[in-house]
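*Asks:* Given next are the chains, with one letter for each unit.
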Amino acid sequence: MRARIFMSGLVVASMLSAQGEAPKEGAKAPAAAATRPAAEQPVAEKKAGPRWVAIKDATLHTVSHGVITGGTLLIKDKLIHAVGTDVTIPEGAEIIDGRGKHVAPGFVAIAAKGALGLRNSTNKEKAEHRFDPFADFMQLALANGVTTAHESGGMADSMFGGLFGSVGSAFIGSHTGQVGGVVGKLTAGTIEGFTLREPAAFYMNAPGGQGGSARLEQRDVFEKAKKHRAAVKTWLKDLAAGKKDLTEPKTDDNVSALADAMNGDVPVFYYADNRRDMEFGLELAQEFGVPVILHTAQEAWAMAADVSRSAAGVILLPRGKGGSATRPYTDPNVDAPHGWRIESASIMQKTGVPWSTMTLNTGITTSLFGGRDLLGLNLEAAFAVRGGVSNEEALRSITLTPAEMLRVADRIGSLDKGKDADILILDREPLDYRTFVERAFVNGRVAYDESVTPLYAHIQTDRRQPPKNWKPWGIWGELPEQKNPAPLPDGSAAPAPAK
Amino acid sequence: MTRPVMDSVSDSLRALALTLILATLVFAQETPEPAAGDDAAAKAPVVAWHVKRAHTITGGVIDAAVILVSNGKITAVGKEGVLEVPTHATHEERRSLTVAPGFVHPAALFFGAGERFDLSGSAAKGDETVRGKLDPQEADVKKFARSGFTTVALMPTGGGVSGMVTIAKPVKPVAGLPEIGSLIRDDKAALAMAFEPGTATRDFFLKSIEKARKYITDLEAFKKGGKPAEAKPAEPKSAEAKPAEAKPADAPKEGEAKPEEKKPEGEKKAEEKKPEPPKEPQKDPKLQPLVDALEAKLPGVLFISGAAAFLHTEALLAADASFRPAVAFTGAAFRGGPDAWRVVAGLKKAGVTVLMPPQMSNVPFIATLRSTAAILLDAGVPVAFMPEARELEGLERFRGELLQLVRHGLHPDDALRAATLTPAEVLGLGQRTGSLEQGRDADFVLYDGEPLAPTTKLIAVVVDGAVIHDATKEDR
Amino acid sequence: MRTLGVILVLTLVLAAQEGPVAPLEPGCFALTGGRVYTMAGPSIERGVVLMRDGKIEQVGALGELPVPAGYRVVDTTGQRVIPGFIELHNHTACSDLHDIVYQVNPELRVLDNIELDSPEMRIARAGGVTTVLSIPGSGTNMGGFGAIVKTFGETPKEVLVRFPGALKIAQAGNPERGNGDLGAGRIGMNWMIRNVLVEGRAYHEAWCAFEEGKTKTQPAKDPRYEYLRGLYRGEYPVAVHTQIFQVVQSTLRMLARDLKLKVVIDHGEFDGFINAQLAIDNNVSAACGPRIFWLSPNDGRFFGLAASWYWMGVSDDHIGVNTDSPVVPQEELPYQAAMAIRHGLPEGVALKGLTINAARFLCLEKRLGSLETGKDADLAIWTGDPFDPRSRVLMTFVNGKVAYDAARDGQRF
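Chains as they are written, first to last, in the working numbering: chain A, 1 to 499; chain B, 1 to 476; chain C, 1 to 413.
Next up, chain A with everything else stripped away, as it sits in the complex (with noise of 0.2 Å):
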């Protein structure tokens, strides 16, 4: 490589001081290239057999099978090898010291929007032809310890996103219903082992306020499914019959997808937020034998029983919408109980219906919602907590259940062998709101390292310690030290929750 050279002088010295030590990293690029997550790293002649890598002596939340404190986890290639305290290490086996550490699952955000780096889920193209591994988004979302995204519905909220998210809209379809979606990982600088399922599901929103045309029209779509099964059906055992100049029955993609949904082969969202939506969706999975997974369903804690029967599962907001319209409220004019409830997730949990959390904000942002979007996802589970349910299946409701919802928990949500080594190494344990992704893998390579992204180096896992290599934008002199970074006298004024 041929040496570099510098302009010398008042204009070099002028550079240096506007930007900083770009020159030398300029110099130095190739180098730091190769060290960075983001970008591609540079072709390594291949080693023969497997690459291991062990993640030892941590605190292994694996939601399939407990809590296991001073497990080792191995990594094989792209799979979860082995999960245990009895783990052998091979010889050759890149080994992180896991001690104080957490590891846990990537989280599955089962609906999202922009995680996936897709600038419009919509889109009829298959996302794995199109998506963006370099996203910023997506590089947040993992930092936050998404590595599983459902996306369904339309473009991204910006980055400085309105004031109230529309959670009806966090997936497409309308009361007839439609087929898309993806269910895609973060797979940070590379498109290999992106897609887990797609088409995803098949979406429905409950008539609401439309009216009784509206209801009419859906059921409509639900006898067609029937009678499309049904014709599928007579035809299959017609050709198995030796029967000559049949047709294969035809019907459009929608319909077709909530038959084969009939058939369990596709999971469908049914959008019901209040009773009344809920209770004309139930009656329809019931009658139609569709297991619905309904979504954002707000006053499903007050049905708990018809919910059990009738629905494969619900989706909550473990903390409600927030805003004024959506606190606890009473209706004068529904005599039943209704409207929101803290304990939402544990009343489901205690009848035995599987639930997983979404966010507020499905997407990803900065302003107003920050810490109830995409990026709190954990964080929101938490609130279950508080309503109610146990650590573990506050987890469960952000990793394996999501997975089986979508149909792909024999790749995700566990750490089980034979899994996707699709692993978070945490600073706290998955639940506390000061937790940050320290690594997270995704098909068993580093897709995030904290380290080595900006984003929430700075940050020091113990809050009294000044941040790392504070000085932002660096030219902003020298900053005066705090003398009392833990002002109360017992130094922890609030120490960390009990584990």
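If you are wondering where the hints come from, they were derived from the structure by calculation, not from laboratory data. A quick note: this is a predicted structure, and the numbers were derived from the prediction, not measured. Only true hints are included.
Residues on chain A that point at chain C, a partial pick, calculated with CB under 7 Å:
#	residue
1	S367
2	R386
3	R464
From the three backbone atoms N, C-alpha and C, an ideal C-beta is built for every residue, glycine too.
Based on the hints, put chains B and C in the right spot on chain A.
*Replies:* Frame of chain A; chains B and C shown alone:
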């Protein structure tokens, strides 16, 4: 992969010209003098440019240099006192100035060629040219002459196979509207393509490449008179040639699968009929440029938005080892500047040249200004700069942009090459322009200092040996 | 009847343990056994808080401070007793948001619009919030004067802590009108704010001169400037809706440095924190909210709320948190602070910001913000770390009365 002659001449003339040039090249190596033994050349008027310094690009930097120009071509470059100057030569005394090849703009939208690089869609425009759209104005031609660019490629736009690239050179501005033909030197110099990742666009390219490859193999078979060969992409890389498509989720469901598997039409026919003698495959003018590109007869440029798009492009490159267009990063969809550095390993592996705006990258999550060009060059990926300017006015900023990159660690020689010879090579003009050596077009620019120093001014522009702009003789 | 029975039994049990039964005195509570954050010294591992007649009577350690007879005892073992949280920026305690009359409206006030026991306030106290500064919105540069109110109370007297609570100034953003075509951009707005405050200062000085007998002629009363006098007497602060580097800078220069007002930065988001040194120099406090984070385009780092101000050097006594309720729901005030902690603020500083600091910003540190003898008995009993989304409020006391009791009212949050 380079085409030695740009003008539309018959094949035989083309061959002749090639032989001539090769001959002169060989000859030049032995005697660094103007073709002394050739009577015609000796009689032709020769201009000797005496300069302080010459950046030849291919032959290093020569202090106190002389450049001999005859018939619009450079006949020799050498050191003052060493290089023999013919006695009948006229002299251009520019001993205070530094000379470098004129810049080559590999992707311009001037003169009405287009508004912006539109990547969306998948049109098959094939051999269409932008010539009909061009409408240069008098003022534009003036600006063009002073820009320091001696060659520009006027690009067709639009997703898919966008069409043919037109090469233009500036001329001495004259009063009144210029004659379009005086600017244009070739309107089918290269093939422009644009790819926005998507299922439809991907299928379009994969199918087009497959069709083009089939045409080539069929033609070969026809010429041999043998059996039409099964279309095979050149040297498919086993791991990447087949995009992983057959997934369990896509597999037909049990019970729904048709009981009788239909055999492809071709197979059935093959069973029924005896092989006929191969027919000459029909030439498709829309497909032919891609065929030429696969056969390395025509350079190609593929426009994409950024690094993410390149990852999706890799599937297209894997489909046929001969599908190796230069890849232009428009950066349109990316807000942190050119991001080709993210995929440097992939670019290196694919062996493509990168076209990129001469900009630093300042990307969120990267935290530092990085020089994408330096990263690519260090990794061995050739880089050609494509000025961001959509308007001719903006071209004046180009040298400043290069200067910025130099300040951030790009070697000035690398920067100059990426603005001259490499873009010329991308367009198949590497043997015609982009460097100062014998046999090249006399396309160069005179500066009052180092070309990439902040206080340097552009003094004169020479195209095909003619001074088309001279600041010392014109009112600015 | 059953409740009565339970109380009877309980009383009997207590009687059996502690000798003769004293009848319960109304308004007397003893919280025993929980960890007490007094915010006026070390926290007490197992403490006792005695409340009487709406005030904190005494705070001490279990075993050291005896519980007098007649006090209703609440066992808080394993729980945390924390002063009621104080909201510095609230728009939900009164029914109007604002009146857009002129660009600056120092004559307007929210006092006449305060609602008693509104649904919003019921929710607020269920979240452990006991006091809010209710201020006009930011439709104009000066929305008028806000009032400080408790989130629970049966009479206006109980609810109202102080009027005027603070002057609301909105420096940029919402009050901006067009691009100078009609109304004002930032330059014009700054001039108008400064102008009315300078006029108010002249009015105040004229009256002071008269009151001190320096002049004989009594100035005319002008309701437009009357409330501004308190600002110059240092009785209450200016709550400034200000954010973004340039705007915060003008707040600090114009209001704090030039006009010497007591300034509390509200909002304070985006890159406003870069002005920290100017805030320190002018003794200005910074409260951050609602939840707007700053993903720096310069270096790709994620900055959050008050954490940035703190680590830029603003001391732990000058850090606050606000929600801008209803923009962020009032009961999410502690969650707001949790977000600041998430992005780097020490937990202890956040707790100060919600309690004693907020009281001091409002010039009410003698009455609110800590558990000390003689202060208002405003506190909440939490199941754990109040910033942890998993913790919840069991009981809230306002003025020594049970304002929220999860067991009685059902768990709200």
